[in-house]
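Please put together the full structure from these sequences, using the hints given.
Number 153 in UniProt numbering belongs to position 153 of the sequence shown; there are no gaps in the numbering.
Treat the hints as calculated values from the structure; they're not laboratory data. We put the beta carbon where it would ideally sit given N, CA and C, even for glycine. Treat the hints loosely; a few may be bogus.
[Said to hold, decoys possible] Label-pair restraints from in silico Cβ distances:
{"hint": "1", "residue 1": "326", "residue 2": "113", "range": "37 to 43 Å"}
{"hint": "2", "residue 1": "135", "residue 2": "210", "range": "40 to 46 Å"}
{"hint": "3", "residue 1": "191", "residue 2": "88", "range": "30 to 36 Å"}
[What the hints assert, rightly or not] Below, a list of computed lysine to any residue pairs in the SDA-like style, where the Cα atoms sit at most 20 Å apart:
{"hint": "4", "residue 1": "18", "residue 2": "8"}
{"hint": "5", "residue 1": "37", "residue 2": "19"}
{"hint": "6", "residue 1": "18", "residue 2": "33"}
{"hint": "7", "residue 1": "37", "residue 2": "10"}
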Amino acid sequence: MSAVTMRDVARHAGVSVKTVSNVVNAAPNVAEVTVRKVEAAIAELGYQMNFAARSLSIGRTGMVMLAVPRLSLPYFAELSDRIVEAAGDRGYTVLLEQTGGVRERELGVLTSERRRMSDGLIFSPIGLRQDDGADLDVPFPMVLLGERPLNPDLDHVAMDNRGGARALTEHLLTIGRRRIAVVGSYDTGEVGAGYLRTAGHRDALEAADLPHAPERHGPATAWTLEAGAHAMAEILDRGVEIDAVFALNDALALGATRELFDRGLRVPQDVAVTGFDDIREAAFARPRLTTVDPGRDEIARRAVDGLLAQILRPDRTRAGGTHTQPYTLRIRESTGG
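Following this line, the structure appears as structure tokens:
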């Protein structure tokens, strides 16, 4: 039996071959009723697109690559889900790559065979250093995610880490908490999420004329539930008094909350707890977690639209510059909200 062709689909749907081509290539300005008619014909006839021929004819694969540190980290899992959905809505398939946040693997993504199978890259590096910016001067479309504008010529989508952290700390101060523990703090010497969120916390303390208290900081190089519980235990074992926790992400906050519970401390009555990122579990935890929503949906949409704008330009040029997505403070039960 011969393979079903695009001409067969057009005849079955009662449209032109050009219209079928427009539908399968997700071209704009095709009437919804026509799209449904063509998609029904494709499903009924079992038409399968020849992607190799399509790539040769239009110079694009219809695939983009997304490189993130780890899908086991809730924020990156949820962000990846939004990016896959946004790309799919625009007719693109996403190839996922995990780098582990390791600098060498992040650099390797730029020249990998899988990257060459795609039309462009959405890249969230956390291991690259500021002096790696020149390596990001690549000849293909790319959008950078994360805290650092490593190369000013790249389109860069970021969240307001510092502003969100300051707002959370100001919220804790407003409800009368003054002895705030910081769970997850660390200093790598590089500007990243940890540095910026810790800096935002200190901004709020300084504005309130309150001292920075290193004895109430619990470091964590991995931002996981286990690390949050361990850092919280370290702080409590020092015997310092605390009445609040500012955790650098939600997983750390949930781990810290468990440790407080195991020690017989009540949240928020004895210790108010905040996180950052507004992962799905934050709204279902007990108590529900006060946190910062960094605007993940909009970050995903802007990243996809920015990359596709580069892909569709004949010269593949970039707009360049950084868009910092505004945050939303989610006040919930863990601080008495």
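Against the structure, the hints come out as follows:
no., hint, verdict
1, 326 <-> 113: 37 to 43 Å, "holds, 38 Å"
2, 135 <-> 210: 40 to 46 Å, "holds, 41 Å"
3, 191 <-> 88: 30 to 36 Å, "holds, 33 Å"
4, 18 <-> 8, "holds, 12 Å"
5, 37 <-> 19, "holds, 11 Å"
6, 18 <-> 33, "holds, 16 Å"
7, 37 <-> 10, "holds, 10 Å"
When each numbered hint is compared with the structure, no violation occurs for any of them.
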